[in-house]
Amino acid sequence: MELLSWGEIISRILMQLMPVWISLVVLFILSIMYKRKLGLYGKLFDSTIGMIGFAIVMFWVFAGFYAGALDWVVTHDPLSQVSGMKNKVPGTPMRGAEENEYAYFLLGGDTLARDVFSRMIAGSTVVIVIAPLATLFAFMAGITLGLPAGYYGGRLDTALSFAANLILAFPVILLFYLLVTPEIRLTGMPQYMAAVLFAFPLIFCTVLINSRLYIVPQKRNIVLSGALFVLLMLYISLINEAGSKITLFNAIDLFNVDGGLLTVFVSVVFVNSPTVFRIVRGLAMDIKTRDYVAAAQTRGEGPWYIMLWEILPNARGPLIVDFCLRIGYTTILLGTLGFFGLGLEPESPNWGATINEGRKLLSVYPHPALAPSFALLSLVLGLNLLADGLREESLKD
Amino acid sequence: MLFTALCLTFIVFFMTNLYPNLEKLAKSEGNFRMDDAAVQTMLSNRGYLQPLPVKYGQWLGVMPGYIIEGTDDKTRRRCQLPAMALEDVPKFCGILQGYWGYSTVFKAEVSSIIATRLSLTAKLMFWVMLLMVPSALLVGVFAGMREGSRTDRTLSTFAITTTATPEYVSGVIFIAIFSSSAFGLKWFKGTATKAMEDANLENFLLPVITIALYGMGYIARMTRASMAEVMTAQYIRTARLKGVSFRNIVVKHALRNALIAPFTVIMLQFPWLLNGVVIVETLFNYKGFGWVLVQAAGNNDIELLLGVSVVSVIVVLVTQLISDIGYVYLNPRIKVT
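If you read the sequences in order, they're chains A and B. Just so it is clear: in the first sequence, position 147 is 147 by my numbering, and no numbers are missing. Just so it is clear: in the second sequence, position 274 is 274 by my numbering, and no numbers are missing.
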């Protein structure tokens, strides 16, 4: 068999991504049909930039989902090495391909003779799971601390702001090098940090539900205990790991998170939350002077009700925009970690690690590093464009 | 600020002096098959097992350095360089006295390593700033001058793209296009090792552009926003109605007010640039400050790592201070009370 031409490579890749295209088209048709009923999300489809950004982001979300959950888009196993395919250029036919195997390495092979295209797609699975989750956790922590700091002010604010500035003054890479090493993992430090950081969603949900429903105790008890049960189980399973420092509740440990992954997750949340804290604090300080807050205070509402049900919903515009931007930033951070070989196992197909591996032979075989580079670039660009579109649309009201 | 610096260095000190790190240090200094007891004696002979606050005080130079009569009948003092008599060692020796420690990887004094590496990085940063700041301001001003115009759209998209391209992505793309044999252009060199002594366009442009590009987008967007805001102000409209030409309005009336916000941003960009420096120096093999950070952290060189973090923390705090002072100076509406 012969080498594929670039036209053939592109058309084959487009074919391979067919499920993603179909999902994208269906999603866009549905969204545009019902856009007047969908609030801010629907308004996104009024702005071209926002639509382009959303399309790029959803492209990677679908690709990552199909590759990770259904094993669709990828052509080969991202971890298996095929003899004779080392550093082969894009479009090389696979040597000794079986009947049921894909006959080409669409974007070539890397230094360990693995399929670059499949690794690129599989890398998106890691990103689209970790980046939004880590950002969400950072937001929970930032909101839970930022609202009271901005609302009460005073000593609490001074202390929390000082702590936030302390973390912000750290060069991120230095922090990563200090936090994400196997030695630190032995001391259990990431797990203790996880125990603290992951407690914020728990506190947040408890306060959220309690401040709303405390007038109807019966309903509150049911809802709160249900939510707390689920969250506590998740919390314990997350921080707990057999054979490590925290082994308190091994009996109810539902699932195991790989230690390296947990460390990466914790450090990314840790780096992001102070910035979120500052944004939320600023917004809270601004909004607490509004009339509807004064009205709530006069009604005799508790401080947490005011913070979570009066101030927070009115701060949602800037927060949603920042959420999108921050997912992009988190993606970059994850790539940085991979680039320095910190955290995740070296053979895992995350983009940063793949770029790092590919750069060693960059001047001779650039393709293994270029594919994940463009993937990361496009995802972050999509998120930034999406944030831009959202900002434009949310300012229009 | 001093308190912040103390807190930060203490955190770094604490993290680097955790027991598994010390154990690794002992094993790499001694041999890798030492048992736990041997590690213990080796560490305690060298003063590593003193209580943390004491160690921190000694490292800082506010407490007298240790004198330990070791179990191997050798007396050791803190700051004792190889081939130095016991009596010559000063009583207080720490960061404050200018003693930064001894690097186990480079086998040299930390202060001299940091000084040489920092000057190399300063050269890199100088060119980055020279390229980044004017072009970012230019892009921002041109984009914000006429908000919503085609120039604005194009320049804003460009700015967004650069903020979405971290250094390790743009660097890899640049090297692949301009210096790989696969594309065949080979205009520039893919490494900047030679640029340490003799920097020229061929070996220094790619690293400089790579760092500048990522920082540029952010500054440009800030400038654009601030410029666009100024252009809608009342006094600009008055000037316009008076018949001042558009060019004069931009240059004489709008520019100064529009540049206040970007100034702060540029100053606060320094900590971020430090990130970029680390990535780019690793990618282009330019042996500056960022490269030393990676080496120190990767090889568990505790004293060097501490020195590096002290310097970077100071850089960050000083730029924050400059940005506060400069803000007051640039913006007459704000006064220090």
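Please keep in mind that the hints were generated in silico from the structure rather than gathered at the bench. Built from N, CA and C at the ideal position, the CB exists for glycine as well. Incorrect hints may have been included.
[Unchecked claim] Per the computed footprint, the stretches of chain A lying under chain B, defined by three or more beta-carbons under 8 Å from a beta-carbon of chain B, are:
id : stretch
1  : 5-17
2  : 61-74
3  : 185-196
4  : 301-314
[What the hints assert, rightly or not] Restraint ranges, calculated between C-beta atoms of paired labels, are given here:
id : chain 1 : residue 1 : chain 2 : residue 2 : range
5  : A       : Met15     : B       : Asp198    : 49 to 57 Å
6  : B       : Ser149    : A       : Gly42     : 24 to 32 Å
7  : B       : Arg153    : A       : Glu345    : 24 to 32 Å
8  : B       : Ala233    : A       : Pro303    : 47 to 55 Å
9  : A       : Leu30     : B       : Gly243    : 36 to 44 Å
Going down the list of hints, with the structure as the test:
{"no.": "1", "hint": "5-17", "result": "violated (count 0)"}
{"no.": "2", "hint": "61-74", "result": "violated (count 0)"}
{"no.": "3", "hint": "185-196", "result": "holds (count 3)"}
{"no.": "4", "hint": "301-314", "result": "violated (count 0)"}
{"no.": "5", "hint": "A:Met15 - B:Asp198: 49 to 57 Å", "result": "51 Å, holds"}
{"no.": "6", "hint": "B:Ser149 - A:Gly42: 24 to 32 Å", "result": "28 Å, holds"}
{"no.": "7", "hint": "B:Arg153 - A:Glu345: 24 to 32 Å", "result": "43 Å, violated"}
{"no.": "8", "hint": "B:Ala233 - A:Pro303: 47 to 55 Å", "result": "38 Å, violated"}
{"no.": "9", "hint": "A:Leu30 - B:Gly243: 36 to 44 Å", "result": "54 Å, violated"}
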